[in-house]
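Chains G and A, in that order, are what the protein sequence lines are.
If you read the first sequence in the numbering used here, its first letter stands for residue 1, the second for the next number, and so on.
If you read the second sequence in the numbering used here, its first letter stands for residue 1, the second for the next number, and so on.
Simulated from the structure, these hints should not be mistaken for laboratory data.
It should be emphasised that the depicted structure is a prediction, and the values quoted were computed from it without experimental measurement.
Ideal Cβ placement from N, Cα and C applies to all residues, glycine included.
Be aware that one or more of the hints could be misleading.
[Stated by the list, open to error] Below, computed lysine to any residue pairings styled on SDA-like, alpha-carbon distance capped at 25 Å:
#: 1; chain 1: A; residue 1: LYS138; chain 2: G; residue 2: SER235
#: 2; chain 1: A; residue 1: LYS138; chain 2: G; residue 2: PRO287
#: 3; chain 1: A; residue 1: LYS138; chain 2: G; residue 2: THR123
#: 4; chain 1: A; residue 1: LYS138; chain 2: G; residue 2: GLY267
#: 5; chain 1: A; residue 1: LYS138; chain 2: G; residue 2: GLY122
#: 6; chain 1: A; residue 1: LYS138; chain 2: G; residue 2: PRO258
#: 7; chain 1: A; residue 1: LYS138; chain 2: G; residue 2: VAL240
#: 8; chain 1: A; residue 1: LYS138; chain 2: G; residue 2: PRO131
#: 9; chain 1: A; residue 1: LYS138; chain 2: G; residue 2: ARG28
#: 10; chain 1: A; residue 1: LYS138; chain 2: G; residue 2: LEU127
#: 11; chain 1: A; residue 1: LYS138; chain 2: G; residue 2: LEU176
[Unchecked claim] Take a look, some chain G residues computed to stay more than 12 Å from chain A by CB distance:
#: 12; residue: ILE38
#: 13; residue: THR53
#: 14; residue: ALA101
#: 15; residue: THR123
#: 16; residue: MET216
#: 17; residue: PHE226
#: 18; residue: PRO287
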Amino acid sequence: MGYGPTGRPGGSRPVSGRLVLYWLALYRRRRMLLALTIGMVAFETLIIVIARTIPPQDLFLGSVRQPPSAFRAFSGSGGEVSLASYPGLLGAGLVHPFWIAMQLTVVGSLGAAAVAADVEAGTIELLMVRPISRARLLTERTAALVTGSVLVTAAASAAIAVGVEITPRLREAVPLRGVAAAGVLGLGLALCIAGPVLAVSAAGRHRGQVIGATIMLGAVGFAVNFIAEAWSTVSVLRFVSPFHYYRPADALVSGSIPVGSLALLLGVGLAGVAAAAWLLARRDLAP
Amino acid sequence: MVAVIELTALTKRYGATVGIEQLDLEVEAGEVFGFLGPNGAGKTTTIRCMVGLLSPTAGTARVLGLDPIADHARLTPEIGYLPGELRLYGELTGAQHLALLGDLQGRPTPRRDELCERLELTGRDLGRLVRHYSHGMKQKLGLVQALQHDPEVVILDEPTEGLDPLVQETFFALVREASEAGRTVFLSSHVLAEVQRACGRVAIVRAGRLVTVEAVAALREARARRVRLTFPDGSDHAAVPVEARWSPTWSGDELRLLIHPDEIVPALRRLLQLPATDVAVEEAGLDEAFLAFYRQAEPDAKARPAKAPAWGTDPPADQAEAGP
Numbered sequence: 001m002g003y004g005p006t007g008r009p010g011g012s013r014p015v016s017g018r019l020v021l022y023w024l025a026l027y028r029r030r031r032m033l034l035a036l037t038i039g040m041v042a043f044e045t046l047i048i049v050i051a052r053t054i055p056p057q058d059l060f061l062g063s064v065r066q067p068p069s070a071f072r073a074f075s076g077s078g079g080e081v082s083l084a085s086y087p088g089l090l091g092a093g094l095v096h097p098f099w100i101a102m103q104l105t106v107v108g109s110l111g112a113a114a115v116a117a118d119v120e121a122g123t124i125e126l127l128m129v130r131p132i133s134r135a136r137l138l139t140e141r142t143a144a145l146v147t148g149s150v151l152v153t154a155a156a157s158a159a160i161a162v163g164v165e166i167t168p169r170l171r172e173a174v175p176l177r178g179v180a181a182a183g184v185l186g187l188g189l190a191l192c193i194a195g196p197v198l199a200v201s202a203a204g205r206h207r208g209q210v211i212g213a214t215i216m217l218g219a220v221g222f223a224v225n226f227i228a229e230a231w232s233t234v235s236v237l238r239f240v241s242p243f244h245y246y247r248p249a250d251a252l253v254s255g256s257i258p259v260g261s262l263a264l265l266l267g268v269g270l271a272g273v274a275a276a277a278w279l280l281a282r283r284d285l286a287p
Numbered sequence: 001m002v003a004v005i006e007l008t009a010l011t012k013r014y015g016a017t018v019g020i021e022q023l024d025l026e027v028e029a030g031e032v033f034g035f036l037g038p039n040g041a042g043k044t045t046t047i048r049c050m051v052g053l054l055s056p057t058a059g060t061a062r063v064l065g066l067d068p069i070a071d072h073a074r075l076t077p078e079i080g081y082l083p084g085e086l087r088l089y090g091e092l093t094g095a096q097h098l099a100l101l102g103d104l105q106g107r108p109t110p111r112r113d114e115l116c117e118r119l120e121l122t123g124r125d126l127g128r129l130v131r132h133y134s135h136g137m138k139q140k141l142g143l144v145q146a147l148q149h150d151p152e153v154v155i156l157d158e159p160t161e162g163l164d165p166l167v168q169e170t171f172f173a174l175v176r177e178a179s180e181a182g183r184t185v186f187l188s189s190h191v192l193a194e195v196q197r198a199c200g201r202v203a204i205v206r207a208g209r210l211v212t213v214e215a216v217a218a219l220r221e222a223r224a225r226r227v228r229l230t231f232p233d234g235s236d237h238a239a240v241p242v243e244a245r246w247s248p249t250w251s252g253d254e255l256r257l258l259i260h261p262d263e264i265v266p267a268l269r270r271l272l273q274l275p276a277t278d279v280a281v282e283e284a285g286l287d288e289a290f291l292a293f294y295r296q297a298e299p300d301a302k303a304r305p306a307k308a309p310a311w312g313t314d315p316p317a318d319q320a321e322a323g324p
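Let the sequences and hints guide you as you build the complete structure.
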């Protein structure tokens with residue numbers, strides 16, 4: 001951000017700060033974002049390395065028996081792509097609990113930073129006695145969250161893209177367009193969860209409430225999808241889980257973004273942001 | 001004169017808990033106005049309504065003729081505010097804070113350097129992370145951020161908390177200068193001497209209600225007199241006829257009384273009939289004066305415990321200032 005520790009108060013320099021709240025949120029969490037970005041690259045690189053070590057004939061052996069339907073929850077496919085394939089393996093890396101945990105960390109941390117963390121810390125009092133509308137606060141903080149999610153998702157996609165590009169048999173199975181499509185879909189999932197999380201932050205007083213909501217949405221969402229895939233009696237429940245609409249393995253193979261699923265994920269996210277704006281406009285902002 | 005701050009029947013409740021109730025107040029342009037009350041009286045709640053952090057449950061608050069919530073964008077550039085419990089971002093330096101908050105204020109900050117110098121915030125201090133600041137240094141930084149843009153209305157919640165006596169002197173000089181420059185200063189405190197020193201008028205609040213608004217000079221005049229009578233060794237204390245309303249306390253053979261100024265002459269005539277060996281009469285301290293004022297002002301004073309709440313100490317749980 002544009003405020004280096006100069007040791008000088010800065011005098012009466014012209015007002016020049018733009019998107020101050022946006023930069024403040026990112027600046028305060030820059031180390032966490034850097035760690036998550038590196039972690040994401042390392043994890044997806046590991047997935048690539050694992051995929052590279054499996055010869056194609058072993059994959060085909062593994063696909064002789066169809067895995068249980070619940071495994072779709074882990075393969076990132078609606079059933080069209082087997083876990084025992086290169087796209088399936090890479091897709092599994094994009095629905096792995098580690099990938100989910102890192103995405104949720106970004107959403108939870110920057111979601112809490114939107115409003116609730118400042119309320120809890122008492123710093124909201126310094127910010128909101130200045131000519132900052134509540135809409136501006138939410139807009140800049142939402143933008144910070146989106147930036148964080150884009151960064152982490154892009155890191156994962158870049159790692160996979162490099163792996164695919166340098167491994168001929170992966171390149172044959174997965175088009176680079178598919179990697180990009182899966183990345184966009186991953187971002188859609190993160191933003192789908194971010195919307196309701198922002199609403200909790202806008203109404204909440206403690207960052208713990210926001211982190212809790214993030215974990216609940218992520219973990220419960222994944223669990224519901226898993227149970228719905230495993231147990232036909234409640235299969236209808238899969239439609240309420242965001243993970244049902246997040247099928248990176250299918251995107252990796254097809255090379256195209258499932259527009260309907262992406263629209264639904266983003267729609268939920270936008271509805272959450274709208275709810276956050278409504279709640280924030282009506283609440284008291286004091287520690 | 002123009003009212004810069006107008007509170008009309010201002011009420012803020014948090015569920016069943018009353019923050020402030022039916023508060024009416026007017027502060028005129030150029031005034032240094034004290035807002036006095038024990039901890040938990042509703043001072044901070046009132047101020048937060050004035051700066052648009054809290055929306056009133058009933059009544060209205062207007063500052064510079066504007067509604068603090070509806071006209072937030074127009075009003076806040078004209079306000080300088082120091083919160084009662086100043087919280088800063090520990091991972092930013094002092095300089096970063098001043099730049100950040102100045103940018104958010106949306107106005108130039110012509111007084112920043114001067115204020116830093118006068119409040120003894122050196123370049124080295126400003127280059128340090130705020131998490132390493134002492135309470136006093138944070139408070140100094142809070143004062144700079146509140147005043148650096150030379151605001152029309154300055155609202156300070158417990159501003160001298162943590163400041164050393166020398167810096168307090170500077171602070172009072174800044175308040176005086178602001179008033180002379182036509183700025184309006186609203187200063188909340190539970191430190192009576194502070195209000196007496198800085199303010200022309202003072203509002204006293206207790207348990208969310210306005211007790212009185214008076215000129216500081218008038219309150220000073222209403223101050224009780226402390227009378228000390230020394231009796232010979234071995235006097236029978238019980239035999240000394242004094243009124244309970246004079247709050248009699250014994251220290252050895254010395255009897256101490258607090259007597260309202262209207263009553264002091266007849267009381268002294270009576271007391272001088274007693275076999276005292278020495279008599280001393282002096283103005284009571286401000287604390288005692290304000291407590292006496294409370295007792296007079298409250299119609300149900302007799303129903304309350306004789307001991308008034310301690311100024312500057314934590315309030316009982318049932319009087320604690322409620323959060324939203």
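For each hint, the structure was consulted:
1. LYS138/A <-> SER235/G: Distance of about 58 Å is beyond 25 Å: violated.
2. LYS138/A <-> PRO287/G: 18 Å, holds
3. LYS138/A <-> THR123/G: 13 Å, holds
4. LYS138/A <-> GLY267/G: Measuring from Cα to Cα gives roughly 44 Å; hence the hint is violated.
5. LYS138/A <-> GLY122/G: Given that 25 Å is the threshold and the Cα spacing comes to 14 Å, the pair holds.
6. LYS138/A <-> PRO258/G: 53 Å, violated
7. LYS138/A <-> VAL240/G: Judged against 25 Å, a Cα distance of about 49 Å means the pair is violated.
8. LYS138/A <-> PRO131/G: Holds, at about 23 Å.
9. LYS138/A <-> ARG28/G: 19 Å, holds
10. LYS138/A <-> LEU127/G: 16 Å, holds
11. LYS138/A <-> LEU176/G: 53 Å, violated
12. ILE38: 20 Å, holds
13. THR53: Holds: least Cβ distance 42 Å, greater than 12 Å.
14. ALA101: ALA101/G clear of chain A: closest Cβ-Cβ about 24 Å, beyond 12 Å.
15. THR123: 5 Å, violated
16. MET216: Correct as stated: the minimum Cβ-Cβ distance to chain A is 25 Å, above 12 Å.
17. PHE226: Non-interface label stands for PHE226/G: nearest chain A Cβ at 39 Å, farther than 12 Å.
18. PRO287: Violated, because the least Cβ-Cβ distance between PRO287/G and chain A comes to about 7 Å, which does not exceed 12 Å.
Checked against the numbered hints listed earlier, the structure breaks hints 1, 4, 6, 7, 11, 15, 18; every other hint is satisfied.
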